[in-house]
Amino acid sequence: MDDIKQLKENNESMEAQTENKSSEKTAFEIDDSILSNKEELEKVMEAVIYVEGSVPIGRLRTLFKCENSDIRGYIESINNKYRNANSAIEILEVGDSIIMTIIPSTFGTLSAIYDKKRKKKISKAMLQTLSIIAYKQPLTKAEIDDIRQSDSGYHLRALMEDGFITWKGRKDYLDKRQTYGTTDKFLMHFGINSLDDLPKLRELKDLEFNKNE
Numbered sequence: 016m017d018d019i020k021q022l023k024e025n026n027e028s029m030e031a032q033t034e035n036k037s038s039e040k041t042a043f044e045i046d047d048s049i050l051s052n053k054e055e056l057e058k059v060m061e062a063v064i065y066v067e068g069s070v071p072i073g074r075l076r077t078l079f080k081c082e083n084s085d086i087r088g089y090i091e092s093i094n095n096k097y098r099n100a101n102s103a104i105e106i107l108e109v110g111d112s113i114i115m116t117i118i119p120s121t122f123g124t125l126s127a128i129y130d131k132k133r134k135k136k137i138s139k140a141m142l143q144t145l146s147i148i149a150y151k152q153p154l155t156k157a158e159i160d161d162i163r164q165s166d167s168g169y170h171l172r173a174l175m176e177d178g179f180i181t182w183k184g185r186k187d188y189l190d191k192r193q194t195y196g197t198t199d200k201f202l203m204h205f206g207i208n209s210l211d212d213l214p215k216l217r218e219l220k221d222l223e224f225n226k227n228e
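Heads up, the sequence shown is in the numbering used here, so the first residue is 16 and it goes up one at a time.
Don't take each hint at face value.
Said to hold, decoys possible - Have a look at the derived ranges for each label pair, beta carbon to beta carbon:
| # | residue 1 | residue 2 | range |
| --- | --- | --- | --- |
| 1 | E108 | Q193 | 38 to 44 Å |
| 2 | R192 | N52 | 20 to 26 Å |
| 3 | N83 | E44 | 15 to 21 Å |
| 4 | N95 | I49 | 18 to 24 Å |
| 5 | E82 | S165 | 25 to 31 Å |
Unchecked claim - Calculated cross-link-like contacts (lysine-lysine; reagent style PhoX-like; alpha-carbon spacing at most 20 Å):
| # | residue 1 | residue 2 |
| --- | --- | --- |
| 6 | K139 | K96 |
| 7 | K96 | K151 |
| 8 | K186 | K156 |
| 9 | K200 | K151 |
| 10 | K156 | K191 |
| 11 | K139 | K151 |
| 12 | K80 | K58 |
| 13 | K151 | K183 |
| 14 | K80 | K139 |
| 15 | K80 | K96 |
| 16 | K96 | K58 |
| 17 | K156 | K183 |
| 18 | K183 | K200 |
| 19 | K139 | K183 |
Worth flagging that the hints you see were computed from the coordinates, not collected in a lab. Idealized CB from N, CA, C, for every residue including glycine.
Please model the entire structure based on the sequences and the hints provided.
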């Protein structure tokens, strides 16, 4: 439970930092004529998500001068249009971000078309490394190695290539070592919406993930 509590505190801190950066990034203000017109607002919001791919919800909140609940309402309206058009695209809230992605029913066909990935069970060593990062992030390689009592270089490279982990910045001002943390792809792949759902990861051994050949 201490790990979960610490993770929540880390997540809240990261969200606050993300919102601060989002506020700094959003110098441009959308015209009130667009903000007051739901249809036009949704068009612009859809375009922003399309261009950026993954947008911190704090940035959307600042850009469109609305609350999280409003953003979710706009996203649901856009998704309804996609569904009515039988589109392969959908917009999801994953962690603290809004992402544009493809619907799950197209995954198999796309994998066959591009023939780049195959389904594979995660190894115990890879699972262990991923779980350590998920629960205790951000961590340096040395810290991960210390917990596992084994070198994690290969597993970290593989998890980075698969997009399940990423660099989260330096340890601190004096310690220049890079730290690792999980990504939105990690959350989406394992079917969890935020780091608060991490207790579900006890069942990770029963799940599969895509491994680059």
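These are the hints, each one checked on the structure:
1. E108 with Q193: 38 to 44 Å: Since the Cβ atoms of E108 and Q193 sit about 28 Å apart, the hinted range of 38 to 44 Å is violated.
2. R192 with N52: 20 to 26 Å: Given about 49 Å between the Cβ atoms, the range is violated.
3. N83 with E44: 15 to 21 Å: holds, 20 Å
4. N95 with I49: 18 to 24 Å: holds, 20 Å
5. E82 with S165: 25 to 31 Å: Hint violated: Cβ distance 46 Å, outside 25 to 31 Å.
6. K139 with K96: violated, 42 Å
7. K96 with K151: violated, 40 Å
8. K186 with K156: holds, 11 Å
9. K200 with K151: holds, 18 Å
10. K156 with K191: holds, 12 Å
11. K139 with K151: holds, 18 Å
12. K80 with K58: Distance of about 15 Å is within 20 Å: holds.
13. K151 with K183: holds, 13 Å
14. K80 with K139: violated, 46 Å
15. K80 with K96: Roughly 23 Å between the alpha carbons, so the hint for K80 and K96 is violated.
16. K96 with K58: With Cα atoms ~11 Å apart, K96 and K58 stay inside 20 Å; holds.
17. K156 with K183: holds, 12 Å
18. K183 with K200: holds, 15 Å
19. K139 with K183: violated, 24 Å
Going through the hint list in order, the structure does not satisfy hints 1, 2, 5, 6, 7, 14, 15, 19.
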